[in-house]
Amino acid sequence: MKSLLNVKGLTTAFETENGKVISVDDVSFTLKYGETLALVGESGSGKSVTALSLMRLLGKRGKIERGDIQFDGASLQTVSEAQMQKLRGDELSMIFQEPMTALNPVFTIGHQLVEAIRLHVNIDKKEAKTLAQNMLDKVGIPNAARVMKQFPFSLSGGMRQRVMIAMALVCEPKLLIADEPTTALDVTVQAQIMRLMNQLCEEMGTAILLITHDLGVVAEMADRVIVMYAGQIVEETDVFTLFREPLHPYTQGLLASIPSMDFDDKELTAINGAIPANYQHLQGCRFANRCPLATEACRTSQPPLVEVVPGHKTRCFEWQQLQRGE
Amino acid sequence: MTTKKPLLVVQNVKTYYPIKTGFMNLKTDYVKAVDGVSFDIFEGETVGLVGESGCGKSTLGRTIIGLEPITDGHIYFDGQQMDYRTDRVSLSKQIQIVFQDPYSSLNPRQTIGDVLAEPLRVHRIVAARDIPQEVERLLQLVGLPTTAKSRYPHEFSGGQRQRVGIARALALRPRLLICDEPVSALDVSIQAQIMNLFKQLQQELGLTYLFIAHGLGAVKYISDRIAVMYAGKIVEMGTTEDIFLRPQHAYTKTLLRAYPNPDPTKRSIIQRTQKGALE
Amino acid sequence: MIGYIVRRLLIAVPVLFGVTVINFLIMRMAPGNPVDMLVSPKLPDAAREAKMIELGLHEPIYIQYWNWLKNLVVHQDLGYSMITYEPVTTMIWDRMGPTVLLMGVALILGLCIAIPVGIYSATKQYSKLDYVFVTGSFLGISIPNFFLALLLVYVFSIQLNWLPSGGMKELGSSGSVTTLIIHMILPLIVLVASVAGRNIRYVRSSMLEILGQDYLRTARAKGVKEFFVVNKHGMRNALIPIVTIIGLEIPILFGGAVVVEQIFSWPGIGQLTLSSIMNRDYSTLMGLNLVAAFVVIAANIVTDIAYAFVDPRIRKSYVGGSKR
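Protein chains in written order, with my numbering: chain Z, 46 to 371; chain P, 729 to 1007; chain C, 2 to 325.
Hints listed in this document are in silico derivations from the structure and should not be mistaken for laboratory results. Since the structure is predicted, the reported quantities are computational estimates derived from the model, not experimental observations. Misleading hints may appear alongside valid ones.
What the hints assert, rightly or not - Below are the DSSO-like pairs computed for lysine-lysine, each with C-alpha atoms no more than 30 angstroms apart in a straight line:
| hint | chain 1 | residue 1 | chain 2 | residue 2 |
| --- | --- | --- | --- | --- |
| 1 | Z | Lys131 | Z | Lys171 |
| 2 | Z | Lys108 | C | Lys52 |
| 3 | P | Lys981 | P | Lys927 |
| 4 | Z | Lys174 | C | Lys233 |
| 5 | C | Lys129 | Z | Lys108 |
| 6 | Z | Lys47 | Z | Lys65 |
| 7 | C | Lys129 | Z | Lys105 |
| 8 | P | Lys821 | P | Lys732 |
| 9 | P | Lys732 | P | Lys742 |
| 10 | C | Lys233 | C | Lys129 |
| 11 | C | Lys129 | Z | Lys77 |
| 12 | P | Lys732 | P | Lys994 |
| 13 | P | Lys760 | P | Lys748 |
| 14 | Z | Lys194 | C | Lys233 |
| 15 | P | Lys927 | Z | Lys311 |
| 16 | P | Lys733 | Z | Lys311 |
| 17 | C | Lys233 | Z | Lys183 |
| 18 | P | Lys821 | P | Lys742 |
| 19 | P | Lys994 | P | Lys927 |
| 20 | C | Lys226 | Z | Lys170 |
| 21 | Z | Lys77 | P | Lys733 |
| 22 | Z | Lys194 | C | Lys226 |
| 23 | Z | Lys183 | Z | Lys219 |
| 24 | C | Lys226 | Z | Lys108 |
| 25 | Z | Lys171 | Z | Lys183 |
| 26 | Z | Lys183 | Z | Lys131 |
| 27 | Z | Lys105 | C | Lys233 |
| 28 | C | Lys129 | Z | Lys219 |
| 29 | P | Lys981 | P | Lys742 |
| 30 | Z | Lys170 | C | Lys233 |
| 31 | C | Lys129 | Z | Lys65 |
Stated by the list, open to error - Okay, the calculated beta carbon distance ranges per label pair:
| hint | chain 1 | residue 1 | chain 2 | residue 2 | range |
| --- | --- | --- | --- | --- | --- |
| 32 | P | Thr874 | Z | Glu312 | 20 to 30 angstroms |
| 33 | P | Gly782 | C | Met97 | 46 to 56 angstroms |
| 34 | P | Gly782 | C | Thr90 | 51 to 61 angstroms |
| 35 | Z | Ser199 | P | Lys961 | 44 to 54 angstroms |
| 36 | C | Ile23 | Z | Asn63 | 55 to 65 angstroms |
| 37 | Z | Pro321 | C | Glu210 | 27 to 37 angstroms |
| 38 | C | Met30 | P | Glu883 | 36 to 46 angstroms |
| 39 | Z | Asn188 | P | Ala959 | 44 to 54 angstroms |
| 40 | P | Arg901 | C | Glu210 | 39 to 49 angstroms |
All residues carry an ideal CB built from backbone N, CA and C; glycine is no exception.
Extracted from the complex, chain Z is given alone in its bound form (with noise of 0.2 angstroms):
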């Protein structure tokens, strides 16, 4: 099957005081129509300037550098930013982290939603508006006529969440893009999200491109992972097999740091050290100074990302004493 989004050499760079600063290096990727694919990786990873650079919305002192974006059959490169203003909460839709601040707090629900709607489908006020509260209806939020009329301060996080999920889906996107969207929600509301999003996203066909830290997100809703580390992609490989059989020790190290649900007795392993400051300049493997296993070569050169199980991509000289004895 065809794939729905293909990323190519990737690489995004931000202008700081203190010079050019490339946030995501070279990553490549592809996801397929209605896929679950998770980001994984931890604050500074390039996780988040992945999603910002597929949808273009950088800002002022972010720009890709290179690479090409192909969606759904055509570049997102060569578009003009109106043409990318149409595809945007049509095709690609977005939802963040911080659903306290992400609605607008000077508008009812219903103008975000009708707002989100007219832009994309030509439909007069009304239509637009019994449209607004169905999607609204459908992300569960009770009473949905009266919320309509609500302002965002009304509403819990969650519930505001779930209008953020109903305009990011309400035009049938192809791709929803997730960023952190349960992070800042208790877990019996990250379930019910985590459930919503799932389920509206079976129903549409749309493909999700899942970013988190969260391991146990991740294990609930992806079909693929792709680990990040310090701007690269480090492992890349379906869900089950990132679980049991992880083939970069970075990968290993954040499994294992993670308290098991299970009474194993098994103590945390923690990462010793933490992402080095000026990792760009680095000759060798970015997760060198914090890897049990780091050889000489692994300080010089850096490693390639390469698939080395078939549908089973790692950035690591050392891979094989990470698999398992058969």
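Starting from the known structure of chain Z, fit chains P and C onto it as the hints suggest.
Below, chains P and C without anything else, positioned relative to chain Z:
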């Protein structure tokens, strides 16, 4: 690990906040943040306090160390009833708190050395000439290099700042540490470092913890017993195993079911049709 | 909402009372009195005594205040000017029109400049034009009113002889709209320069803060055009703090009127205030003080109400306050 002597006894504690309503603000309603909570913590034990935002878990922690006024009820520490108006100084030597956001709880214009020296000086924990030595000891205790003392908070990463926050709390050599969401703001790989530090410190110093968090994983990892809080009340309390394997209260069960298990073979939230069919 | 307004008005009553008491005391502590202006120093003391009694100035000061207050509360009357013997209410009312006209136009024009310029400056932060606007706004704030006024009079009236240096109309004429506009140009430039100067900075910083907000990113992500992201989603939020500033502008303009009206001989409240002070016209001054205090309080209440209109969160709290 636990002895039979309760270090902290919380008896029917209530913390209410008045809010003015009505015409000319004449009427007073109350927000019942903590609404009649009772529990014990034994010496050397870790009690986890879980619940969702707004359930009153942080308020309870802050009430115990006297940061919030207690509306009703009693708190006993080491057999003595606490009177927060008169016992402030002695209290702060016994109970300390570690906050969620280490950055906002550190003065940006103070070096780490100053941050740690201040409580030592104010409470005369060690003689003035021994302060530099004590500061270095504290830094080593939390796994920071001694060179950290001449640097400022902004030069540190989140995890290191939390280590400073812990060192500061330990400066007064308290017996009970209230940890209010101490790892929630940190990256996953750093969370484990800090959790292990808490465990290690407990073994070395015989500390007692009240560990407040919304993340079940962290609480499960560190706690001997767990209290589940909902709407200002403790709805269930038991050993970690009981809470996780044999939860009694409906809310505890909901909470456990909602927690995403980091294992895709044990999905509990999303039962989905196999999307692989699309391929 | 109505309950809230009633509450605010009730609170305003003791404030107004306090203002009049303090003003009365301060006024009487100043040396001189209106009799000096009315009675020639050559006349015998008895004539002065008679005048004092006629004006009620012989009574103890608290009785005088009591009489003034009684007159105001019972008869809704501010009394007569001690110099011209005209009713104070009429005098103030006659002067109010020109002042409101001048200040109103200055405020509107000032904001019409400040809001778009401020928004432009914020969206193009650190561009050349931004620097030009920011510098211009600093000039507007820092040049004193009287200096700019005199400069304009010197250049446009005296040197170039393009515009009249003062008044509202030509002597002896009834005054058409055109002559009114011509007379307004110079005082308006002075006032607009300071209104725009102050507000460009407020609008710019308010907008800068809004531009970093998450909901603008949401708006972009749903495909809103950049123009509407800034001028609809951004501006509605930036307006909230600006409304407060407009409320503060009104008292500032009212106070600033004294200088500008005097220089341009604009027959408004400011000019009346100054001449009343010079003449120690106690009764007129009390009336003016009361009006000024009322304008300040009213501007505050109107600001709060306007605030509720632009910010739904505030609206909620007002409604909550009166309903429950």
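Cross-check of the supplied hints:
| no. | hint | in the structure |
| --- | --- | --- |
| 1 | Z:Lys131 - Z:Lys171 | holds (22 angstroms) |
| 2 | Z:Lys108 - C:Lys52 | violated (83 angstroms) |
| 3 | P:Lys981 - P:Lys927 | holds (27 angstroms) |
| 4 | Z:Lys174 - C:Lys233 | holds (20 angstroms) |
| 5 | C:Lys129 - Z:Lys108 | holds (22 angstroms) |
| 6 | Z:Lys47 - Z:Lys65 | violated (36 angstroms) |
| 7 | C:Lys129 - Z:Lys105 | holds (16 angstroms) |
| 8 | P:Lys821 - P:Lys732 | holds (23 angstroms) |
| 9 | P:Lys732 - P:Lys742 | holds (26 angstroms) |
| 10 | C:Lys233 - C:Lys129 | holds (25 angstroms) |
| 11 | C:Lys129 - Z:Lys77 | violated (46 angstroms) |
| 12 | P:Lys732 - P:Lys994 | violated (38 angstroms) |
| 13 | P:Lys760 - P:Lys748 | holds (14 angstroms) |
| 14 | Z:Lys194 - C:Lys233 | holds (19 angstroms) |
| 15 | P:Lys927 - Z:Lys311 | holds (14 angstroms) |
| 16 | P:Lys733 - Z:Lys311 | holds (29 angstroms) |
| 17 | C:Lys233 - Z:Lys183 | holds (28 angstroms) |
| 18 | P:Lys821 - P:Lys742 | holds (24 angstroms) |
| 19 | P:Lys994 - P:Lys927 | holds (28 angstroms) |
| 20 | C:Lys226 - Z:Lys170 | holds (19 angstroms) |
| 21 | Z:Lys77 - P:Lys733 | violated (60 angstroms) |
| 22 | Z:Lys194 - C:Lys226 | holds (24 angstroms) |
| 23 | Z:Lys183 - Z:Lys219 | holds (18 angstroms) |
| 24 | C:Lys226 - Z:Lys108 | holds (19 angstroms) |
| 25 | Z:Lys171 - Z:Lys183 | holds (18 angstroms) |
| 26 | Z:Lys183 - Z:Lys131 | holds (24 angstroms) |
| 27 | Z:Lys105 - C:Lys233 | holds (20 angstroms) |
| 28 | C:Lys129 - Z:Lys219 | violated (42 angstroms) |
| 29 | P:Lys981 - P:Lys742 | holds (26 angstroms) |
| 30 | Z:Lys170 - C:Lys233 | holds (18 angstroms) |
| 31 | C:Lys129 - Z:Lys65 | holds (23 angstroms) |
| 32 | P:Thr874 - Z:Glu312: 20 to 30 angstroms | holds (27 angstroms) |
| 33 | P:Gly782 - C:Met97: 46 to 56 angstroms | holds (53 angstroms) |
| 34 | P:Gly782 - C:Thr90: 51 to 61 angstroms | holds (57 angstroms) |
| 35 | Z:Ser199 - P:Lys961: 44 to 54 angstroms | violated (26 angstroms) |
| 36 | C:Ile23 - Z:Asn63: 55 to 65 angstroms | holds (57 angstroms) |
| 37 | Z:Pro321 - C:Glu210: 27 to 37 angstroms | holds (34 angstroms) |
| 38 | C:Met30 - P:Glu883: 36 to 46 angstroms | violated (59 angstroms) |
| 39 | Z:Asn188 - P:Ala959: 44 to 54 angstroms | violated (22 angstroms) |
| 40 | P:Arg901 - C:Glu210: 39 to 49 angstroms | holds (44 angstroms) |
Violated hints for the displayed structure, listed by number in ascending order: 2, 6, 11, 12, 21, 28, 35, 38, 39.
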